[in-house]
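Those protein sequences? They're chains A and B, same order as listed.
Residue numbers for the first sequence, in my numbering: 829 to 1126.
Residue numbers for the second sequence, in my numbering: 3 to 262.
Don't take each hint at face value.
Sample of chain A residues facing chain B (criterion: CB under 8 Å; computed from the structure) [unchecked claim]:
| # | residue |
| --- | --- |
| 1 | Leu-834 |
| 2 | Phe-835 |
| 3 | Glu-900 |
| 4 | Arg-907 |
| 5 | Leu-908 |
| 6 | Val-962 |
| 7 | Phe-964 |
| 8 | Pro-966 |
| 9 | His-967 |
| 10 | Ala-987 |
| 11 | Arg-993 |
| 12 | His-994 |
| 13 | Glu-1014 |
| 14 | Leu-1024 |
Calculated pairs, DSSO-like style, for lysine-lysine (alpha carbon to alpha carbon, straight line, at most 30 Å) [what the hints assert, rightly or not]:
| # | chain 1 | residue 1 | chain 2 | residue 2 |
| --- | --- | --- | --- | --- |
| 15 | A | Lys-895 | B | Lys-174 |
| 16 | B | Lys-174 | A | Lys-984 |
| 17 | A | Lys-1026 | B | Lys-174 |
| 18 | B | Lys-174 | A | Lys-945 |
| 19 | A | Lys-883 | B | Lys-41 |
No wet-lab data here; the hints were simulated from the structure.
A virtual CB, placed ideally from N, CA and C, is assigned to each residue, including glycine.
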Amino acid sequence: MLHQILFLALFFIYISSTPVAAITNSTTVQSWADQLASKFTSFLDDTMLAPNIQKLYDDVPVTTTIKQGSVESAAAAARLSTLLNEKDQSLRQFGKMVWSPNLGGVAHETYVIDSAKSIVRSLTNSGDEQITRVYFTPHNDGKTILHSVDGRTDPKENASNIDERHTGWYANAVAGPKDVFIIVDETGVAPPSFDLLKETLHHILNTVSPNDNVWLQRRTGPSEPLGTSSISSTASLLTPLGDHQDCNSGSSRGTQQVVQKLLALSKEMEYSQALASPLVSSAADWIQMFSQNVSRSK
Amino acid sequence: MLVNKKRAGCILILSSGNLDSLDVQNVVVPYILEKNVHKLPIIGFHVEKYKDSTSSSTVPLQYTYTKLGTSAWMTADRHASDAAYYYTRIVGVPENDDPLSSQSTSSLHFWGGLFARVPSPFDFFTSNTPNVMSMTRAIFRYDELDVGQRSADARPVLLGVVGFDMNLFSLKDILDSISADLGRTSFPIVVTPFGDTIYHPLQTKFKKKELFDINIDISNYEYVGYNFWILLVVWTILSLTWFFFFVQVLSTYRGQRLSL
Chain A
829 MLHQILFLAL FFIYISSTPV AAITNSTTVQ SWADQLASKF TSFLDDTMLA
879 PNIQKLYDDV PVTTTIKQGS VESAAAAARL STLLNEKDQS LRQFGKMVWS
929 PNLGGVAHET YVIDSAKSIV RSLTNSGDEQ ITRVYFTPHN DGKTILHSVD
979 GRTDPKENAS NIDERHTGWY ANAVAGPKDV FIIVDETGVA PPSFDLLKET
1029 LHHILNTVSP NDNVWLQRRT GPSEPLGTSS ISSTASLLTP LGDHQDCNSG
1079 SSRGTQQVVQ KLLALSKEME YSQALASPLV SSAADWIQMF SQNVSRSK
Chain B
3 MLVNKKRAGC ILILSSGNLD SLDVQNVVVP YILEKNVHKL PIIGFHVEKY
53 KDSTSSSTVP LQYTYTKLGT SAWMTADRHA SDAAYYYTRI VGVPENDDPL
103 SSQSTSSLHF WGGLFARVPS PFDFFTSNTP NVMSMTRAIF RYDELDVGQR
153 SADARPVLLG VVGFDMNLFS LKDILDSISA DLGRTSFPIV VTPFGDTIYH
203 PLQTKFKKKE LFDINIDISN YEYVGYNFWI LLVVWTILSL TWFFFFVQVL
253 STYRGQRLSL
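Work out the full structure: start from the sequences and follow the hints.
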């Protein structure tokens, strides 16, 4: 290949340097150049009317507009806000339909689908071209009831069969962006229990959404310290405060109580240092998290 | 209003069950209390001695309260997934559960694009998924609908989440028109508080109808830019190509001279 390229280069040099027999003289060439210049000048002046155009350009007054951008930015913000608030109102209306305890004897899934169609019809009649899917994921089973808008996405697509309660988007809808500090104590765990521990961590990481902050701290050895602080009498902190209560009845009352008690406890102790440096969980967990997050409506 | 200025947060303890041990408590608990400067709620999940994967599998995870925080012992497989619902316990429930008049806000997030999932070799230089704007909202309901009849301890039940998926055509149209109004030297940018880019003129340079590769950090557009990396790669390839070409030419020439 290189030899071929070299051959072509040498061939080109040879052709370029070969003297050509004189077929004309300088007087003839000067005549050709004068004719070409005259024709080009005539083309510019008579055909294209370049001087007239230049004169017009020079004579027309010029207006220079300088924009600070604040007005345009405010206008953009207002238009975006209006756009999103309109959708928010429609979403609230759909939520109200789902929220309504009186279904009139209609099966819940059918009722939700009918409500979704009604919302889409209302939006379309008002000129909306954005809406592509309307869905409701009940918290009791995590199976999404989906209505896909015909003409904007595949109307025959089905909701995935995964439990959406274990996805980042669902957790984000319930809790919003959140900060989660996870401490895993692996000391003295037997293999079956360790699998349960790993599975729990896996489920928890699946609920992390892209806007969350996550810290992960592991303790793997019995002599490995987690921190340098020493607060005495900590064993008593783990004793039950009172009667066992079931938090599974769908409320966060327990958390509120605990927060209040923690606030009371915190007044007795000194908190001085910030949280530990964040340890990002493994890349595989993040990749899986994102893939599950996106696969919801594919 | 779609702005949510409050962030939820918590500390989760996943324990092998050794927290019964005073030695372990004296290591773990001081560390947690010391680091919890923001007074976040603490939830502990402890693995009890594993009896049987099917035992108690129908019983949901039971929570108790300790002086440290909320605590639960996991004894069955399903408790691993039950623990993942921790997020329902770190949010304040709305006093008004009516979705139309509730003060609680909806969530808005953007997804889709080249980096939205693990790309396949066929996805390079293309947008492999539709670009979607999702608006979601949690729906709560009290058992007693009449506020006047409701007890002070009443807590609403989380019914689920409603949501819309929307395309970005309208969003792009609005910002394109603003960009045109601003002239040639200015342009609008839409960035989330977390630095994710929703709209940037570089996204629209191919004049697509839809936005693509949203949610990329704004620094990729404003500080580095795609063009820099593309130019760097092209420049490196061309430089190496020319280098090896001249090396070959020189070696060939020297070989001929030597053969003479």
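Results for each hint:
Because the beta carbon of Leu-834 (chain A) sits about 7 Å from the nearest beta carbon in chain B, less than 8 Å, this interface hint is met. The closest approach between the C-beta of Phe-835 (chain A) and any C-beta of chain B is roughly 11 Å, which is over the 8 Å cut-off, so the hint fails. Given the 8 Å rule on beta carbons, the hint for Glu-900 (chain A) holds: about 5 Å separates it from the nearest Cβ of chain B. For Arg-907 (chain A), the interface hint holds, since its Cβ comes within 8 Å of a Cβ in chain B; the closest pair sits about 5 Å apart.
Proximity of Leu-908 (chain A) to chain B holds as hinted, the smallest CB-CB distance being about 6 Å (cut-off 8 Å). Restraint check, Val-962 (chain A) versus chain B: the minimum CB separation of about 6 Å is within 8 Å; hint holds. Of the supplied interface hints, the one on Phe-964 (chain A) holds, with its beta-carbon coming within about 5 Å of a beta-carbon of chain B, less than 8 Å. A least Cβ separation of about 4 Å between Pro-966 (chain A) and chain B falls short of the 8 Å threshold, and the interface hint therefore holds.
Hint on His-967 (chain A) holds. Least Cβ distance to chain B is approximately 5 Å, under the 8 Å limit. Checking Ala-987 (chain A) against chain B: minimum C-beta separation of about 11 Å lies over 8 Å; hint violated. Because the closest C-beta pair between Arg-993 (chain A) and chain B is about 6 Å apart, less than 8 Å, the hint holds. Of the supplied interface hints, the one on His-994 (chain A) holds, with its beta-carbon coming within about 5 Å of a beta-carbon of chain B, less than 8 Å.
Hint status for Glu-1014 (chain A) relative to chain B: holds, with the closest Cβ pair at about 6 Å, below 8 Å. Against a cut-off of 8 Å between C-beta atoms, the interface hint on Leu-1024 (chain A) holds, since the closest Cβ of chain B lies about 5 Å away. A hinted pair counts as satisfied when its Cα atoms are at most 30 Å apart, and Lys-895 (chain A) with Lys-174 (chain B) qualifies at roughly 22 Å. Note on Lys-174 (chain B) and Lys-984 (chain A): the hinted pairing holds, with a Cα-Cα distance of about 27 Å set against a maximum of 30 Å.
For the given pair, Lys-1026 (chain A) sits about 43 Å from Lys-174 (chain B) by alpha-carbon distance, which is inconsistent with the 30 Å threshold. The straight-line distance between the Cα atoms of Lys-174 (chain B) and Lys-945 (chain A) is roughly 26 Å, inside the 30 Å bound, and the hint therefore holds. For the suggested pair Lys-883 (chain A) and Lys-41 (chain B), the alpha carbons sit about 75 Å apart, so the restraint of at most 30 Å is broken.
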